[in-house]
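In terms of this note's numbering, the sequence shown opens at residue 22 and continues consecutively.
None of these hints come from the bench; they were simulated from the model. Here a beta-carbon is modelled for each residue, glycine too, at the ideal position from N, C-alpha and C. Any given hint could be a false lead.
Said to hold, decoys possible - Here are the computed lysine to aspartate or glutamate pairs in the EDC-like style, where the Cα-Cα straight-line distance is at most 20 Å:
# : residue 1 : residue 2
1 : 84        : 66
2 : 84        : 50
3 : 84        : 105
4 : 84        : 163
5 : 84        : 96
To be verified - Now the in silico label distances, taken between C-beta atoms and shown as ranges:
#  : residue 1 : residue 2 : range
6  : 126       : 157       : 22 to 30 Å
7  : 98        : 39        : 28 to 36 Å
8  : 141       : 97        : 33 to 41 Å
9  : 39        : 108       : 38 to 46 Å
10 : 81        : 25        : 13 to 21 Å
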Amino acid sequence: MPSDDRRDLAAMMYPVVRALLAVEQPVLDAHGVAMWGYSVLTALDRTPIRTQAALAEAIGADKTRIIGTLDELQDAGLITRTPDPDDRRVRLLAITDEGRRVRQAITAGIRSREERLLSRLPATDRRGFVRALTELSALPPDELADLAGDDGDDSDVSGSPPSPA
Numbered sequence: 022m023p024s025d026d027r028r029d030l031a032a033m034m035y036p037v038v039r040a041l042l043a044v045e046q047p048v049l050d051a052h053g054v055a056m057w058g059y060s061v062l063t064a065l066d067r068t069p070i071r072t073q074a075a076l077a078e079a080i081g082a083d084k085t086r087i088i089g090t091l092d093e094l095q096d097a098g099l100i101t102r103t104p105d106p107d108d109r110r111v112r113l114l115a116i117t118d119e120g121r122r123v124r125q126a127i128t129a130g131i132r133s134r135e136e137r138l139l140s141r142l143p144a145t146d147r148r149g150f151v152r153a154l155t156e157l158s159a160l161p162p163d164e165l166a167d168l169a170g171d172d173g174d175d176s177d178v179s180g181s182p183p184s185p186a
């Protein structure tokens with residue numbers, strides 16, 4: 022039987038994630054990039070050329086959902102999309118030098134704001150927290166999806182954000 026000495030992880034994480042998203046938004050706005058755009062730039066900076074389908078899978082988006090984001094990034098000169106010479110139906114994506122500069126500036130701004138939150142923890146807890154999140158966020162998407170699978174619990178799961186406990 023679970024101990025009642027702590028709140029559920031989602032209940033603890035939700036207000037923190039909401040606050041982080043709120044402090045990241047002005048950084049993104051200052052660079053004219055949406056959160057999905059930043060996700061795209063970050064993914065393309067790790068792997069210079071990807072197909073739209075592979076990119077969508079890597080960032081957890083529907084491939085049709087990111088087309089508008091890709092249009093915005095291309096119009097801003099932050100990415101290029103070129104036809105695949107082997108298959109004209111496929112578009113190869115690459116981040117531009119300007120896209121890399123913008124991604125780095127956004128990351129620096131976000132990290133600065135994250136530091137305000139992390140500074141409330143002792144240094145060893147801070148490192149452990151970041152290390153644990155890094156490990157959990159690196160789990161394969163299908164493994165994370167398995168967490169939502171049927172585990173024999175018949176309780177209703179609505180998928181809505183957790184309420185503070």
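Hints, one by one, checked against the model:
At roughly 19 Å between alpha-carbon atoms, residue 84 and residue 66 fall within 20 Å of each other, so this suggested pair holds. For the hint linking residue 84 to residue 50, the alpha-carbon distance of about 24 Å lies beyond 20 Å, and the restraint is violated. A C-alpha spacing of about 17 Å is found between residue 84 and residue 105, which places the hinted pair at or below 20 Å, so the restraint holds. Distance hint between residue 84 and residue 163 is fulfilled; the C-alpha atoms sit about 17 Å from each other, no more than 20 Å.
Between residue 84 and residue 96 the alpha-carbon distance is near 19 Å, which keeps this suggested pair within the 20 Å criterion. The hinted window of 22 to 30 Å between residue 126 and residue 157 holds, with their beta carbons roughly 27 Å apart. Remark: the range hint 28 to 36 Å for residue 98 to residue 39 is upheld by a beta-carbon distance near 32 Å. Taking 33 to 41 Å as the suggested C-beta distance range, the pair residue 141 and residue 97 conforms, at roughly 35 Å.
Checked against the hint of 38 to 46 Å, the C-beta distance between residue 39 and residue 108 comes to roughly 41 Å, which is consistent with it. A beta carbon spacing of about 33 Å between residue 81 and residue 25 contradicts the range 13 to 21 Å that was offered as a hint.
In summary, the structure is inconsistent with hints 2 and 10 from the numbered list given earlier, while agreeing with the others.
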